[in-house]
Amino acid sequence: MRALLVTVLLGGAAIAHADTAALVKDLGDTDEARAIDAATALGKSTDPKAVEALVAGLDAGTTPKAAAALCAALGVKKDARGVVVLQQYAHHRAPEVRKAALGALAAINDPRVLPALLAGLGDSDAEVRAAAAKGLADRREKGAEDRLIKLMEHRDASAAGALAAIATPQLAHRLSEMLGSVPDPILCTALGEMLKRADFGPEPIRVEVVRTLSKVPGVDSTAVLLEYVAATERDKNRPSRLEAQKIVDERSRP
Amino acid sequence: MIRNIPQGAQGGSKLGWFSLSSFISLSFVLFGCGEAAFSAHARDNDVGDLARALGSSQAPAARAAHAMAFLVSDGKLVGFDLTDGRIAWTQPADVRSRVIVGNGAIAHRQGEHDLVVRASATGEVRATVSVPADQTFVGATLDGDRLVYVVQTADKRSIVTELDDKGGTAWRRETPSAVGSPAARGGLVALPFAHQNLALLDGANGRELARVRATDEEIAYARALPEGIYYGGARGIYRLDDKSVAGSRAGSSYAEAKLPGEQVRTAYHWDGYEPAQSAIGAFDRNRLLWRGRDAGAGFKDDLAVLHSYRFFFAFDAAAGKLRWVYAHPRTDVVASEDAGSAIVFASADGDIGLIDPASGAVRVVSRTGLRVAGASFDADGITAGAGAQPPTEEEVAKTLEQIVWDHDARFGPVKVFAVDALGGVPGLPVSRALLKIVRAAPAPGGPPPAAQKHAGEALVARKDRAAVPLMLEALGEHYDFLEDKAPRGVGVIARALAALDVKEAAPLLAAHLADHETPEAALKDVAETLAHLGGPDAEHALREFLLEYHADPTFLLEPAPLYAAGEALVGAGDEARRAVAFVVDDKRTLQPVARQLRAALDAAVAKEKEEKERNDKAGKPGSPANEDGAQAAPEKQE
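Protein chains in written order, with this note's numbering: chain A, 1 to 254; chain B, 1001 to 1638.
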């Protein structure tokens, strides 16, 4: 039985190796769709050489669409060997390639990634900035706070989710003090996302966030508070929920 | 109709009326060049005729009284004594033309239909002429105190009339052809005629003495100056002398001011055929100020001064080099004149000033506070005075920079002109100013794109090594949305550094080549500069750039940066050439890029082979040619 298992595994590895060679060839194909499929397949491949093949594919250069697929495939690998080439492609002239490169970098646990993502927040393309912000949020990069606040000050909505993801009590307080100086919808989204985080607290800070939302006029803050009340249905006596409910009730009165 | 008023009479009183009809029959008397004035059959470009005409022109008498400015202001005509710096007289007047200055007399269009002659010392009216409603005033001149004026009839005939010093009609000539605004000097009247000619009439009787026919361009103006009579079209000035019979620019005493750039209109004179241009208008705020030499072609002291709105740029007319610049504060200068030993001007808010033509030293004679619409000057011989301080080279540069950054949107062409002028001023402050202009963000009132382009060209051309640290510092900046940073002028800076062969710029330029925010238009300059500078940083950047984008169809429209990168790598060693060979053989490579680089590779290989053979013959070790045409993808160099 054990011998059979080894045979199957070896056989599988042999197939994977044979596939890799074919896929590498396809990466250089003039048919862009074939190259993209090859990149995607290499991303899923268990062959250890797949990472090298993807890196080599980017090193050799290709069309922007194929480059984006190669970057995405490297992201699936989460392999630090891809960092250098992904750093390079995070500055590719095509925004879709930069987005893919930043998304892939965000998936890799390597100290060289943070500077690339922080730089991505300063990109001229809003979608690239959003990709960088998402990457920082996914990684819970506390060191991104200042750049993300600047992003918010530049009225970029992608800052909201990322700031919520890395929020500490201090950051919540800092954001509360920005009321009036940043667009209300972005601030409300950031504070609302913060409240959604189960690990965010302690409770007095949540109450402070709710009170900050109460100071924001309009539907954006009401919608966030209503959402919070609905999300905490099981914890009705939570002070922050009671506060939110009170504000919603007051705003509901004719 | 003519109403003549003796000198000293009160303005507006009318002493007599004269019919002109009796003069018409006298207008076709044959004299001078053998035909009636303006005859289609008259001789032109005849040496003898011209000599006689020139002989009849006497140098005008020197002005006996103080130098004066005549200011048109809010329904008034104001005589301003430039020597004493005070208003000498004020007369109510509805002035509708430039004030024409003679010797002891001035004249202007008044109201809808009148022409008036006034005493320049008092402003009192000496004579008034009515132009019939169906006639259009074209222009006038004063020969001493005798008025010569041209009108156009409804059926497009032209009538030239001279009034004597009493206001009576001295003579009158008529032609079916177009006649432009006249000029008169010492008894000789010069008139642009039928667009191609300058007719020279005897001021005493209106006989045509000679005719100059231009062969290269239209003659659109005639101008009388103490040093002689000048005429010309749009491009330059012809001095009326014995050479005028040539008719051509080359054969005549002709001069053109050499000015940097072609953005600002350089009008030597207004179009004498255009009735509207006899009025105070755009020409008075945008013109070239010049004087002729005492003899022959050229400009006095080789000086040409461009007046544009608030600004004066003085140039060496032969070399095109800036001598000085003056920017009048706040308001436009509405009138100016080169009075020979001073540039005299009047601003819209009543400042009267003098500029020393040699040094640019400025003396504001008076701030009258008058609202001035236009002005004329009788100021030959006046000087700015020893007290006026000429600007230093640094002040000139600063003034030019201020012009470039002026918020007035009308100044686009002037700003380009100022940039061109700035480029000719040496020194680091100017290089810094040019760099600032190159890097300016587009903004209302900022340097227009054309000015930025010219500033870039000037920065590259001046090869100022002292400015290298400034340029390297500028290259250190990259785009950042969050920091509101957007580097501009990267391509220009690259070219400037290439011109100076600044090797240490390579890493900074390499970073810009790899930066997606570097504008597409700058990539070629950056790549070419890196190719020029060479070195490991440059080669690495060019190699990565070529590989990364060789199959990117967005480069199909402008593949030059890829050409530059590939061609540089061909000559940069085996490893670099291997990358080019890979790109050439890669089926995904953009076809134009593959073709171009294939040719570059083949040429390099052929050259090396040739060299090797030559060296072999000479018994020297040859340089190994890479002829294997490596196909494999190049390895990453980190």
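Check before you lean on any hint, since a few could be wrong.
Said to hold, decoys possible - Derived list of chain B stretches under chain A, where covered just means 3 residues or more per stretch with a C-beta under 8 Å from a C-beta of chain A:
| id | region |
| --- | --- |
| 1 | 1146–1156 |
| 2 | 1245–1254 |
As the list claims (entries may be wrong) - From the structure, some residues in chain B lie toward chain A, with a derived Cβ separation under 8 Å:
| id | residue |
| --- | --- |
| 3 | LYS1398 |
| 4 | ASP1408 |
| 5 | LEU1547 |
As the list claims (entries may be wrong) - To give a feel for the contact side, a few chain B residues facing chain A, derived at Cβ under 8 Å:
| id | residue |
| --- | --- |
| 6 | TRP1405 |
| 7 | ASP1406 |
| 8 | GLU1548 |
| 9 | ASP1585 |
| 10 | LYS1587 |
| 11 | PRO1592 |
| 12 | ARG1595 |
Keep in mind that the hints were calculated from the coordinates and are not lab data.
Keep in mind it's a predicted model, so treat the numbers as computed, not measured.
For glycine and all other residues, C-beta sits at the position ideal for the given N, C-alpha and C.
Here is what the structure says about each hint:
Proximity of the region 1146–1156 of chain B to chain A, defined as three or more residues with a beta carbon under 8 Å from a beta carbon of that chain, is not established by the 0 residues found. With 0 residues having a Cβ less than 8 Å from any Cβ of chain A, the region 1245–1254 of chain B misses the three-residue criterion, and the hint is violated. Hint status for B:LYS1398: violated, given a least beta-carbon distance of 35 Å to chain A, over 8 Å. The criterion of a C-beta within 8 Å of any C-beta in chain A is not met by B:ASP1408, whose closest approach is roughly 32 Å, and the hint is violated.
The interface hint given for B:LEU1547 holds, since its Cβ lies 4 Å from the closest Cβ of chain A, which is under the 8 Å cut-off. Interface hint at B:TRP1405: violated, since its Cβ lies 26 Å from the closest Cβ of chain A, which is beyond the 8 Å cut-off. The beta carbon of B:ASP1406 comes no nearer than 30 Å to any beta carbon in chain A, farther than 8 Å, and the hint placing it at the interface is violated. Interface restraint check for B:GLU1548: the shortest CB-CB distance to chain A comes to about 5 Å, inside 8 Å, so the restraint holds.
The criterion of a C-beta within 8 Å of any C-beta in chain A is not met by B:ASP1585, whose closest approach is roughly 11 Å, and the hint is violated. The criterion of a C-beta within 8 Å of any C-beta in chain A is met by B:LYS1587, whose closest approach is roughly 5 Å, and the hint holds. A least Cβ separation of about 16 Å between B:PRO1592 and chain A goes past the 8 Å threshold, and the interface hint is therefore violated. Residue-level restraint check for B:ARG1595 is violated (minimum Cβ-Cβ distance to chain A is 16 Å; threshold 8 Å).
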